[in-house]
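Visitor: Everything in the sequence shown is counted per UniProt numbering, starting at 1 for the first residue and increasing by one.
Quick caveat, the hints were computed from the structure, so don't treat them as lab data.
Any given hint could turn out to be false.
[Stated by the list, open to error] Heads up, simulated DSS-like pairs for lysine-lysine below, C-alpha to C-alpha not over 30 Å straight-line:
(1) Lys17 to Lys70
(2) Lys238 to Lys17
(3) Lys201 to Lys238
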Amino acid sequence: VVLLTGCTRGIGAGILKQLLSHEHVHVVGVSRSATCEPPTPGAAARFTYVAADLAQGATAARAAVDAAVKTHNGQLDAVIHNAGVLEPLSRVATVDAVQWERAMTINTMSVLHLLQATLPALRTSRGTFVYNSSGAAAHGYAGWGAYCTSKAAANMIIECAAAEEDAVTLLSVRPGVVRTDMQTVIRETAAGAMKPEEYAKFTAFHENDQLLSPEVPAAVFANVALAPSDAIHGLSGKFISFNAAELSAYQ
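Based on the sequences and whatever the hints tell you, model everything.
Guide: So, in structure tokens, the structure goes:
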């Protein structure tokens, strides 16, 4: 049983498809969307959907986890926390603090809330918690302050939890630069906040067809979550790229 947040679009939709391609895997999907249909024919019996907005904090996280454990008699083998937001795209000096706090709630505090809600079950199953992080967690971009800060803080939650939890494997995985709605938002709205050369770099990824298909990192997230815990526990606490040599067996 895998709990997957942000399952309706982009990388999350790719992860959902990959997970459900395994006939023994049951998925509890979480997203803000009202509905979500399983992308794999015949997989409806193995997919449970929970409409929950992680911007609502611990209440939404708990609702998602309760649905997962109630549906599957308390079993939970992995969590893939993919949900996140890029906005606000604004300079530190002028950013709306309320919007910054919302980004922190969704990108950072949701990690804490989900961990607190799922760790008891994950300890029992010797399970895995995988966080969809970002290269922006390790590099500050003008105009991306909320995103960079929230992702970096989330990585540290994962690292600290890994130091505390011997029975659970926790990873932050960088997915690369992927053809998702986030890249469209950057191209369409971020020019005024970003440095010109950095904005040009991201627009060039699109113009030169260098954006990854979401299915590429999605396969890694799914395969890592389904891997035997003893095979990947040595990586627990790490912030690692989806295409790193250490993850070659899951690419």
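Visitor: Would you mind marking each hint as holding or not holding in the structure?
Guide: Quick rundown of the hints versus the structure:
Using a Cα cut-off of 30 Å, the hinted pair Lys17 and Lys70 holds, with the two alpha carbons roughly 23 Å apart. For the proposed pair Lys238 and Lys17, the alpha carbon gap of about 26 Å is at most 30 Å, so the pair holds. Among the hinted pairs, Lys201 with Lys238 is consistent with the structure: their alpha-carbon atoms are about 27 Å apart, no more than 30 Å.
Violated hints: none; the structure is consistent with every hint.
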